[in-house]
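With the sequences and hints as input, model every part of the structure.
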Amino acid sequence: MSQPLKCSLCEEPATVHLSQVVQGKVTKVHLCEACAQKGGATDPAIFQLADALTAPAVAPSLICPHCGFTDIDFRKRGRLGCPDCWKTFGDALGGLLIKVQHEATHVGRAPVGVAPVGQMRHRLEIARTEMEVAIAAEDFEGAARLRDEIAQLELQLRNS
Amino acid sequence: MSVQDILSAENELTHMLGAQQAVVLSTRIRLARNLDGIPFPGWAKVPQRKEIAERCVEGLNRLPKFRRGHVFRMGELTDLDRAVLVERHLVSKELASGKFGAAVISKDQTCSVMINEEDHLRIQVVKAGWHLRGTWNIAEQLDDALGPDLKFAFSEKLGYLTACPTNVGTGLRASAMVHLPGLCLAGHMEKVSRALSQDGLAVRGWLGEGTEAAGNIFQISNQQTLGLSEDAILRHLGGWIKNVVEQEWNARRKLATEEGDKFVDRLSRSLGVLRYARLLTSAESMNMLSHLRLACDMGCLPEERRHIVDRLMIEGQPAHVQMRQGGELDSDGRDLRRAAVVREALRDFPEVGPPLA
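As you go down the protein sequences, you meet chains E and C in turn. Just so you know, the first sequence maps onto residues 1 to 160 in this note's numbering. Just so you know, the second sequence maps onto residues 161 to 517 in this note's numbering.
Fair warning: there could be bad hints in the mix.
[What the hints assert, rightly or not] Examples of chain E residues toward chain C, derived with CB under 7 angstroms: (1) 67; (2) 79; (3) 81; (4) 86; (5) 94; (6) 97; (7) 98; (8) 100; (9) 101; (10) 108; (11) 109.
[What the hints assert, rightly or not] If you want the ones that stay clear, here's a sample from chain C, every Cβ over 12 angstroms from chain E, calculated: (12) 210; (13) 236; (14) 303; (15) 386; (16) 393; (17) 402; (18) 420; (19) 462.
[Stated by the list, open to error] With a straight-line Cα cutoff of 30 angstroms, these simulated DSBU-like cross-link-like pairs (lysine-lysine) come out: (20) 99/E with 402/C; (21) 267/C with 210/C; (22) 76/E with 317/C; (23) 205/C with 259/C; (24) 76/E with 253/C; (25) 99/E with 210/C; (26) 253/C with 99/E; (27) 205/C with 76/E; (28) 87/E with 210/C; (29) 87/E with 267/C; (30) 76/E with 351/C; (31) 87/E with 99/E; (32) 87/E with 317/C; (33) 76/E with 259/C; (34) 87/E with 205/C; (35) 99/E with 351/C.
If you are wondering where the hints come from, they were derived from the structure by calculation, not from laboratory data. Backbone N, C-alpha and C fix where the C-beta goes; we use that ideal spot for every residue, glycine too.
Rendered as structure tokens:
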């Protein structure tokens with residue numbers, strides 16, 4: 001049975017394990033929780049390694065012009081900085097949105113005074129399908145009602 | 161108005177105002193909204209957060225719903241005050257832990273709007289029992305009434321803009337608190353949980369994310385907020401809740417039939433302990449109160465007593481016990497006080513009888 005690894009600095013049981021690969025050469029460092037948290041000047045090489053692994057790899061590539069929020073901030077917090085961030089980060093978040101929401105377009109309500117375009121387009125799609133079904137089932141009254149609704153929606157969308 | 165007043169007021173979750181039902185304890189609608197042009201609370205500077213709070217409180221106070229309501233600023237409350245509001249599900253732990261958060265609560269405690277939590281505004285409407293459409297209508301009205309005044313951040317493509325991608329779009333989180341002792345005792349909860357999460361519904365213990373279901377109470381909510389209409393979200397949740405309620409009743413009836421005397425015995429022992437114990441921990445009292453609620457649902461105890469059980473479930477929580485007592489208590493002190501409150505409330509309860517057919 002192998003013994004548990006000991007902290008490189010203080011011989012306590014190690015719970016933090018760092019590996020550095022430089023030009024094919026692997027260096028391993030084992031630390032206990034307390035030493036890993038301390039950081040600082042005790043052994044510069046070890047903590048340079050620790051720092052390098054936790055510091056951001058690159059400079060921010062996206063910055064919101066309204067509030068200064070960056071993509072690195074988002075990676076840390078999981079939340080955006082301001083409503084205008086969605087303009088800056090919207091495209092980049094596309095993949096995440098699909099993963100979390102399975103969809104990327106709003107089809108619900110809008111605030112009072114704002115045309116609910118997404119909702120109308122969504123309803124239009126559904127109504128067109130329903131009309132086809134009604135016609136196929138020879139429910140001509142239903143089809144007529146849907147045709148009127150579709151015309152109304154198309155008009156509203158043209159005007160919005 | 162103080163938090164103490166909230167405790168003593170009659171509300172439909174703790175008093176028999178004709179609203180309680182079996183299985184579904186309460187229905188909740190939550191809408192996330194943000195003001196246009198100001199950073200979200202987590203990124204806003206302190207002066208901005210204060211501005212957000214002022215504008216939102218002002219906007220809310222103009223609504224008839226919040227006339228004679230309460231405004232609570234988290235920074236001005238004691239730890240105990242805030243803990244009581246969290247226990248009552250009027251505010252979240254996150255709001256209570258921040259300094260610039262506020263909550264505007266209607267007099268009947270069905271509407272609670274959180275300010276400066278993760279988003280600028282979280283409109284919450286809660287009703288006892290199963291009332292998805294009813295709660296939605298109230299929330300929709302509040303949303304429409306506030307919108308013109310407060311100018312919500314909204315985009316055609318992404319809907320209501322929120323701090324977190326998990327809320328963008330409708331900003332709607334619809335949920336129900338359900339009491340599932342039948343499914344729990346039958347060992348079906350894991351299967352039910354899995355089926356629900358596979359179809360886009362989150363299941364958690366009623367005390368929040370990552371907690372066990374104390375008292376066999378779970379919160380079931382929609383996960384998707386974007387790409388579905390509000391109506392579709394509500395229909396989806398509604399369909400599943402009806403399904404779960406049916407399964408719960410099947411499990412209860414099966415259990416009662418198969419266990420016979422053992423079933424009644426289990427419920428009786430819980431009533432016995434609750435009526436006479438001198439010390440009660442939060443966990444054990446929740447478990448036994450769960451049995452009493454089951455008893456009321458099945459006619460083993462009079463249904464008119466159920467609101468007393470519901471009140472004890474809420475008021476048996478640690479901060480509530482201390483506030484009633486008038487100050488902080490240590491663990492043993494709370495257990496002693498809790499037992500006294502429970503003994504008093506259940507004093508006139510009759511014996512547990514067999515279930516009605």
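Hint status (Cβ of residue 86/E to nearest Cβ of chain C, threshold 7 angstroms): For residue 86/E, the interface hint holds, since the closest Cβ of chain C sits about 5 angstroms away, which is under 7 angstroms.
Checklist entry - Does residue 87/E pair with residue 205/C here, judged by a C-alpha cut-off of 30 angstroms? => result With a Cα-Cα distance of about 21 angstroms, the restraint between residue 87/E and residue 205/C holds, given a limit of 30 angstroms.
Open item on the list: Beyond 12 angstroms on every Cβ pair: is that true for residue 386/C relative to chain E?
Closed with: Violated, since 4 angstroms does not exceed 12 angstroms.
30 angstroms Cα cutoff - pair residue 76/E, residue 351/C:
Between residue 76/E and residue 351/C the Cα gap is close to 34 angstroms, so the pair fails against 30 angstroms, i.e. violated.
Non-interface label on residue 462/C, tested against every C-beta of chain E at 12 angstroms
holds, 43 angstroms
message = Does residue 267/C sit within 30 angstroms of residue 87/E, going by the straight-line distance between their CA atoms?
response = Not OK: residue 87/E and residue 267/C at ~39 angstroms, beyond 30 angstroms, violated.
Holds or violated: the hint that residue 98/E contacts chain C, with Cβ atoms closer than 7 angstroms.
Residue 98/E check fails; min Cβ-Cβ to chain C is 9 angstroms, beyond 7 angstroms.
What's the verdict on residue 205/C and residue 76/E, does the C-alpha distance respect the 30 angstroms limit or exceed it? This hinted pair holds, its Cα atoms lying about 18 angstroms apart.
- Query: Should the interface hint for residue 79/E be scored as holding, given a Cβ-Cβ cut-off of 7 angstroms against chain C?
  - Reply: holds, 4 angstroms
**Message:** Can you confirm whether the C-alpha distance between residue 99/E and residue 351/C stays at or below 30 angstroms?
**Reply:** Between residue 99/E and residue 351/C the Cα gap is close to 24 angstroms, so the pair holds against 30 angstroms.
Given residue 108/E as an interface hint, is its Cβ closer than 7 angstroms to any Cβ of chain C?
Since the shortest Cβ distance to chain C is 4 angstroms, the answer is holds.
message: Next pair to validate is residue 87/E with residue 99/E; report whether the Cα-Cα distance is within 30 angstroms.
response: It holds: about 19 angstroms lies between the C-alpha atoms, which stays within 30 angstroms.
The structure shown violates the earlier hints numbered 5, 7, 14, 15, 16, 25, 29, 30.
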